[in-house]
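K.L.:
Each chain, written out:
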Amino acid sequence: MKLTGAQALIKSLEMESVEVMFGLPGGAILPVYDPIIDSSIRHILVRHEQGAGHMAEGYAHVTGRPGVAMVTSGPAATNIVTPLCDAYMDSIPMVVVTGQVAYSSIGSDAFQECDTTGITMSVTKHNWLVTNAQEIPQVVKEAFHIASSGRPGPVLIDVPKDVSNQMMDWYWPDTLDLPGYRPAGRGDPEMIRAAARALLDAHRPVIYAGGGILKARAADALRELAELTGIHVVTTLMARGAFPDDHPLCLGMPGMHGNYTAVTSMQQADLLVALGSRFDDRVTGKVDGFAPGAKIVHVDVDPAELGKVRRPDVPIVGDCRLVIEELVGAVRDLLAGGSEAPDRSAWNATIDGWRQKYPLAYEPQAEGDALKPQMVLEHLRDSTPDDTIVVSGVGQHQMWASQYWRFNHPYTWVNSGGLGTMGFAVPAAIGAKVGRPDKVVWAVDGDGCFQMTAQELVTASAERIPVKVAILNNAYLGMVRQWQEMFYDERYSEVYLSPDLPDYVKWAEAMGCIGLRAETPEDVQPVIDKANEIDDRPVVIDFRTDSREKVYPMVPAGQANDAIVVPPFQEGRHGEGGH
Amino acid sequence: MAVPVKHHILSVLVENKAGVLARVASLFARRGFNIFSLAVAPTDDERFSRLTIVVDVEATSIEQITRQLDKLINVLQISELDPADSVERELLLATVRAAPADRGQVIELVQIFEGRILAVGHDVLTVSLEGAPAKVDDFEELLRTYGIVELQRTGRVALPKLVRRPQPRAVRAS
Ligand SMILES: Cc1ncc(C[n+]2csc(CCOP(=O)(O)OP(=O)(O)O)c2C)c(N)n1
Ligand SMILES: [Mg+2]
Numbered sequence: 001m002k003l004t005g006a007q008a009l010i011k012s013l014e015m016e017s018v019e020v021m022f023g024l025p026g027g028a029i030l031p032v033y034d035p036i037i038d039s040s041i042r043h044i045l046v047r048h049e050q051g052a053g054h055m056a057e058g059y060a061h062v063t064g065r066p067g068v069a070m071v072t073s074g075p076a077a078t079n080i081v082t083p084l085c086d087a088y089m090d091s092i093p094m095v096v097v098t099g100q101v102a103y104s105s106i107g108s109d110a111f112q113e114c115d116t117t118g119i120t121m122s123v124t125k126h127n128w129l130v131t132n133a134q135e136i137p138q139v140v141k142e143a144f145h146i147a148s149s150g151r152p153g154p155v156l157i158d159v160p161k162d163v164s165n166q167m168m169d170w171y172w173p174d175t176l177d178l179p180g181y182r183p184a185g186r187g188d189p190e191m192i193r194a195a196a197r198a199l200l201d202a203h204r205p206v207i208y209a210g211g212g213i214l215k216a217r218a219a220d221a222l223r224e225l226a227e228l229t230g231i232h233v234v235t236t237l238m239a240r241g242a243f244p245d246d247h248p249l250c251l252g253m254p255g256m257h258g259n260y261t262a263v264t265s266m267q268q269a270d271l272l273v274a275l276g277s278r279f280d281d282r283v284t285g286k287v288d289g290f291a292p293g294a295k296i297v298h299v300d301v302d303p304a305e306l307g308k309v310r311r312p313d314v315p316i317v318g319d320c321r322l323v324i325e326e327l328v329g330a331v332r333d334l335l336a337g338g339s340e341a342p343d344r345s346a347w348n349a350t351i352d353g354w355r356q357k358y359p360l361a362y363e364p365q366a367e368g369d370a371l372k373p374q375m376v377l378e379h380l381r382d383s384t385p386d387d388t389i390v391v392s393g394v395g396q397h398q399m400w401a402s403q404y405w406r407f408n409h410p411y412t413w414v415n416s417g418g419l420g421t422m423g424f425a426v427p428a429a430i431g432a433k434v435g436r437p438d439k440v441v442w443a444v445d446g447d448g449c450f451q452m453t454a455q456e457l458v459t460a461s462a463e464r465i466p467v468k469v470a471i472l473n474n475a476y477l478g479m480v481r482q483w484q485e486m487f488y489d490e491r492y493s494e495v496y497l498s499p500d501l502p503d504y505v506k507w508a509e510a511m512g513c514i515g516l517r518a519e520t521p522e523d524v525q526p527v528i529d530k531a532n533e534i535d536d537r538p539v540v541i542d543f544r545t546d547s548r549e550k551v552y553p554m555v556p557a558g559q560a561n562d563a564i565v566v567p568p569f570q571e572g573r574h575g576e577g578g579h
Numbered sequence: 001m002a003v004p005v006k007h008h009i010l011s012v013l014v015e016n017k018a019g020v021l022a023r024v025a026s027l028f029a030r031r032g033f034n035i036f037s038l039a040v041a042p043t044d045d046e047r048f049s050r051l052t053i054v055v056d057v058e059a060t061s062i063e064q065i066t067r068q069l070d071k072l073i074n075v076l077q078i079s080e081l082d083p084a085d086s087v088e089r090e091l092l093l094a095t096v097r098a099a100p101a102d103r104g105q106v107i108e109l110v111q112i113f114e115g116r117i118l119a120v121g122h123d124v125l126t127v128s129l130e131g132a133p134a135k136v137d138d139f140e141e142l143l144r145t146y147g148i149v150e151l152q153r154t155g156r157v158a159l160p161k162l163v164r165r166p167q168p169r170a171v172r173a174s
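Protein sequence lines correspond, in order, to chains A and B.
Using my numbering, you'd call the opening residue of the first sequence number 1 and step up by one each time.
Using my numbering, you'd call the opening residue of the second sequence number 1 and step up by one each time.
Source of the hints: derived by calculation from the structure; they are not laboratory data.
This structure is a prediction, so every number in the text was calculated from the model and none was measured.
One or more hints might be untrue.
[As the list claims (entries may be wrong)] Among the chain A residues that face chain B by a calculated CB cut under 8 Å, a handful are:
{"no.": "1", "residue": "Thr117"}
{"no.": "2", "residue": "Gly118"}
{"no.": "3", "residue": "Met121"}
{"no.": "4", "residue": "Ile146"}
{"no.": "5", "residue": "Pro179"}
{"no.": "6", "residue": "Ala304"}
{"no.": "7", "residue": "Lys308"}
[Claimed, not checked] The calculated label-pair distances, taken between Cβ atoms and stated as ranges, are:
{"no.": "8", "chain 1": "B", "residue 1": "Ala22", "chain 2": "A", "residue 2": "Asp529", "range": "51 to 57 Å"}
{"no.": "9", "chain 1": "B", "residue 1": "Ser26", "chain 2": "A", "residue 2": "Asp343", "range": "51 to 57 Å"}
{"no.": "10", "chain 1": "A", "residue 1": "Arg182", "chain 2": "B", "residue 2": "Glu141", "range": "42 to 48 Å"}
{"no.": "11", "chain 1": "B", "residue 1": "Ala22", "chain 2": "A", "residue 2": "Asp220", "range": "41 to 47 Å"}
{"no.": "12", "chain 1": "A", "residue 1": "Asp333", "chain 2": "B", "residue 2": "Ala22", "range": "45 to 51 Å"}
{"no.": "13", "chain 1": "A", "residue 1": "Ala102", "chain 2": "B", "residue 2": "Glu141", "range": "49 to 55 Å"}
{"no.": "14", "chain 1": "A", "residue 1": "Pro437", "chain 2": "B", "residue 2": "Asp45", "range": "50 to 56 Å"}
{"no.": "15", "chain 1": "B", "residue 1": "Ala41", "chain 2": "A", "residue 2": "Arg182", "range": "21 to 27 Å"}
{"no.": "16", "chain 1": "B", "residue 1": "Ala22", "chain 2": "A", "residue 2": "Pro248", "range": "49 to 55 Å"}
Cβ coordinates follow ideal geometry from the N, Cα and C atoms, glycine included.
Whole structure, please, built from the sequences with the hints as guidance.
P.N.:
Quick look at the structure:
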């Protein structure tokens, strides 16, 4: 069968079971948009290519399948660089197709030519410039394989216009030609036995669970391991939901804005079991002062992560799910052979003591004051189903959402962790809702972030994708304001936004959404209830929150985690919690 | 152009595909690794090329460099050659001042080093030397006393020494 390169491309996506793609056409990709009309694939027309990329990411986060985005050459390709970098940092599987000027004019500075593969080389797991239509099925198959296997990540396929128009003989490859690509599978049995031994020997062990747990679909295995060994678990920003917050062994989020118990238990641990986590600086604080007495077991599918930041005592390269399952088996074997863990009751009591003294807390809402953002989040949390998907932007609201929500299911928390991309929430929420239409999807966004990508709510209205957006409108670039308050003598430089410019309610309505507003504590519950009743279009709530509120606890940048700062009203208790 | 004290030689087998060198260079730039020298050539099998990369490992561990390199899809195999267990060669080409009064000395120097004279001008000579990098360093230094007009070195290439010792450690266990 003879097909054009463009037809072969769409057919290859169908062969990869793509159901939906996000994109926006233009000159160089025009040939590929024609066969979309006849394809089973749903195409969602975005308003900005960054939106297409984040939607694909949101879709991938909640489904585990690669998100697909397609845009044209030049400015469209550069517009999608941010999502590619975001997906690269957070290991999100994504396949981006870009149009390119005709292969024959590459290098001539043709209209809308840009060196897309060159620009995206360092933010993709791999990319291709297709030079012959005959290669297309092979490249697409390899692209999906690379994006979704091993440590997942984004890939990009750049397709020149003349290649799209070229005729080819259709085939679907049954093999991959990737001699240099061999993702890790099982772990080394000897190392796994050593890890099991370390788990049983430790007096103060903590499991440090990262986003790799979710990528490897290892949440059940993690739970089995924690319950079998009785070891507490911290879940990083990328792993919220990988272990249920309601579980007695869950300590919640560690790191710069982690809770006191999660941070301090890691500091004082004698064993950290790092599972799919990468010792990110936002978790470790100053590396030299991080968990100084802890032996490290480190499991990761990416060998380059082992020893990148902290040298592990027991390094294990492998798929997290397989390794954890093997680890459970190895611990069982040791227990069956008569091994016993030491008495950890003192350590467990110390942890409980910290939890009681330093719970996540804020000063209660006072009458007449602007809304406490934490209070808003607690109401929202308590008024939505347990498996609601929460998508956030970047800033204070993100940290409060991660802290105050209770994540009891994997794949219910979607955020931009590694890159910290403002503007992520609205499009990623749309992608998440497309991937899981059966679930309630709430975006928790900042006023600053919302203004970066809000136009995608037009996409959501047009495509009838009923996402809900809670703007924690503190009239500021709040997180930056917090740093200026704490570290720059309250000298506020270029962080004020205004609470009512723009008017978020009118803006929402102009984009085909329902717009609501809450200014007083009495407004909060009724507007949430109202928003929850709407399921035929997007809803936006403008919550007018207190701009003075800061995120606590906080480890100041560059300091060791022992320097954790608790909220002022907990300060008197500081230092009493040692063991 | 003295090689860093703590250097390592990586012999990297890559797929002979467009952009591979750019990927390697981009990786080094992005991760802040230092390339001291780089030589690239096709192998006997035209599907593959071999890069010989001399890296400065004072700043980054060689293990981190090889593991990141290994993640490039087009990289097939990385061997780390310990300078002590490998033969290294480099080629130098230089045009050096050789006024009639000095010419005899320059020629003598080339002969002592077993180099070659490739071209002769009125008051310059173009010479070449192939040898172990340290020898090439010495030669270059001595030529400087006469005045170098132009100089080009290839960067080193290397293979494991043929002695009955353990093979060079293959970084990727396959
Ligand atoms: C694209 C981008 N630009 C700048 C920043 C730096 N930055 C981090 S948080 C933040 C403030 C975000 O403001 P807002 O969305 O209102 O959230 P808030 O902190 O007030 O909750 C800024 C500017 C960023 N992370 N991303
Ligand atoms: Mg704000």
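K.L.:
Each hint: holds or not?
P.N.:
Cross-check of the supplied hints:
no.	hint	in the structure
1	Thr117	holds (7 Å)
2	Gly118	holds (7 Å)
3	Met121	holds (5 Å)
4	Ile146	holds (6 Å)
5	Pro179	holds (6 Å)
6	Ala304	holds (4 Å)
7	Lys308	holds (6 Å)
8	B:Ala22 with A:Asp529: 51 to 57 Å	holds (56 Å)
9	B:Ser26 with A:Asp343: 51 to 57 Å	holds (53 Å)
10	A:Arg182 with B:Glu141: 42 to 48 Å	holds (45 Å)
11	B:Ala22 with A:Asp220: 41 to 47 Å	holds (42 Å)
12	A:Asp333 with B:Ala22: 45 to 51 Å	holds (49 Å)
13	A:Ala102 with B:Glu141: 49 to 55 Å	holds (53 Å)
14	A:Pro437 with B:Asp45: 50 to 56 Å	holds (51 Å)
15	B:Ala41 with A:Arg182: 21 to 27 Å	holds (25 Å)
16	B:Ala22 with A:Pro248: 49 to 55 Å	holds (52 Å)
Figure legend: structure checked against the earlier numbered hints; every hint is met.
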